[in-house]
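Chemist: For chain A, the structure is supplied; the task is to place chain B with the ligands on it using the hints.
Chains A and B, in that order, give the protein sequences.
Read left to right, the first sequence gives residues 1 to 182 (the numbering used here).
Read left to right, the second sequence gives residues 1 to 182 (the numbering used here).
In short, the hints are calculated from the structure, not lab data.
Each hint should be verified, as a subset may be incorrect.
Copies of one chain are not kept apart here, so a pair can be met inside one copy or by any two copies together.
Unchecked claim - Straight line, CA to CA, 25 Å or less: simulated PhoX-like cross-link-like pairs of lysine-lysine:
#1 Lys149 / Lys85
#2 Lys52 / Lys149
#3 Lys38 / Lys52
#4 Lys52 / Lys96
#5 Lys65 / Lys52
#6 Lys52 / Lys107
#7 Lys85 / Lys57
#8 Lys39 / Lys85
#9 Lys57 / Lys96
#10 Lys65 / Lys149
Listed below are the residues making up each chain.
There are 2 protein chains.
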Amino acid sequence: EKKTGSEIVYGHRGMTLEEDLNVTNRYYIETDRAVIYKKPTPIQIVHVDYPKRSAAKITEAYFRKASTTDYNGIYRGKYIDFEAKETTHENYIPLKNFHAHQVEHMKRIKRHGGIGFIIVKFSQSSDTYLLESDFLASFWDASLSGGRKSIPKRFFHEHGHLIPQSYLPRIDYLRIVNQVFF
Amino acid sequence: EKKTGSEIVYGHRGMTLEEDLNVTNRYYIETDRAVIYKKPTPIQIVHVDYPKRSAAKITEAYFRKASTTDYNGIYRGKYIDFEAKETTHENYIPLKNFHAHQVEHMKRIKRHGGIGFIIVKFSQSSDTYLLESDFLASFWDASLSGGRKSIPKRFFHEHGHLIPQSYLPRIDYLRIVNQVFF
Ligand SMILES: [Mg+2]
Ligand SMILES: [Mg+2]
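Here chain A stands alone, though its shape is the one from the complex (with noise of 0.2 Å):
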């Protein structure tokens, strides 16, 4: 195995989802495919200190709860909604990836008349999948009623869609949209 030639071929295995999705969004943006962007992270900000002729430093601070999804936008004019995750699971991914508060979000914009999914990478197969979050909201409550507490990866396969995996654009999950909600 030469090293050079998986570098090349395998290049792009070790990245994150995250990673990959940023690298996709600036894509389309480039390409003026769609304008979506990941949101920061929500941080609470305890102390600030304000040095004389330098840049505010922020010396105390802590993550919080999103209570939204993470990414957000404008794609063939309608409003899109996703949150990504990855697993490290085989065979399923736990719900406590996901929140109360971004549950009640999906089910929201989907009453607004928006475009809401999940995206699922398994990171033992690299395989991921986008997935409507009408699916995500079912298993959500079913869950709260004595149900499964993960979805299983045969569901993704069954009812989701396997995203293309390239160079660029990295996960083409537009593609995937164009399929299932245009």
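Modeler: Just chain B with the ligands now, kept in the frame of chain A:
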């Protein structure tokens, strides 16, 4: 002048535009009229401590300049995107309150079929206007070729829309959005 009366009538004069918009957006969500949020402030995190048995603590971080606008979401099935600014100048707002990236972003949103605008509050009078992003873009582009470096309040009066203010919703900008964009 009685203090209590003053507090009741002018009580919310002391609120910043951002606080007023947050309360307004929360009201829109609770009454299921729209789903619009302010994006978190983008922060560049340099150092995080992970103490045992307590929350991760960010000990060095800096504010970053936003590359998009501050607010987006969905209303009546349409993508909504805006930036909000307050100025202490009585008769104009300097263009340096906005960034090139933001103006570029607003042009993209327009091109993709979204609704884009700015909300500007003149603090001295509390007058708060909605102005379509096209006008900001025109002023911006003109300023790059020697034009004026600010937008006069007179222009907001003539081409923008004064936003009605009340107790709840505080800054009812969706009423203007209904008139202007639908
Ligand atoms: Mg997240
Ligand atoms: Mg801003």
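Chemist: How would you label the pair Lys52, Lys96 (within, between, both, or neither) given a Cα cut-off of 25 Å?
Modeler: For Lys52 and Lys96, the Cα distance is within 25 Å only across copies (23 Å; inside one copy 45 Å).
Chemist: Are the CA atoms of Lys39 and Lys85 at most 25 Å apart within a copy, between copies, both, or neither?
Modeler: Intra 15 Å, inter 20 Å, cutoff 25 Å: intra and inter.
Chemist: If the cutoff is 25 Å on CA atoms, where do Lys38 and Lys52 land: within, between, both or neither? Let me know, please.
Modeler: Classified as neither: same-chain Cα gap 33 Å, cross-chain 30 Å, threshold 25 Å.
Chemist: Within a copy, between copies, both or neither: which one fits Lys85 and Lys57 at a CA-CA cutoff of 25 Å?
Modeler: between (31 Å within a copy, 23 Å between copies)
Chemist: From the Cα coordinates, with 25 Å as the cut-off, is the pair Lys52 and Lys107 best called within, between, both, or neither?
Modeler: neither (47 Å within a copy, 37 Å between copies)
Chemist: At most 25 Å between CA atoms: does that hold for Lys65 and Lys149 within a copy, between copies, both, or neither?
Modeler: within (20 Å within a copy, 40 Å between copies)
Chemist: At most 25 Å between alpha carbons: which applies to Lys52 and Lys149, within, between, both or neither?
Modeler: For Lys52 and Lys149, neither the intra-copy (52 Å) nor the inter-copy (28 Å) Cα distance is at most 25 Å.
Chemist: At 25 Å max between alpha carbons, let me know whether Lys149 reaches Lys85 within a copy, between copies, both or neither.
Modeler: Within one copy only: 16 Å inside, 44 Å across.
Chemist: At most 25 Å between alpha carbons: which applies to Lys57 and Lys96, within, between, both or neither?
Modeler: between (34 Å within a copy, 23 Å between copies)
Chemist: For Lys65 and Lys52, with the copy left unspecified, which applies at a CA distance of at most 25 Å: within, between, both, or neither?
Modeler: between (33 Å within a copy, 20 Å between copies)
Violation of the numbered hints given earlier is confined to hints 2, 3 and 6; the remaining hints are satisfied by the structure.
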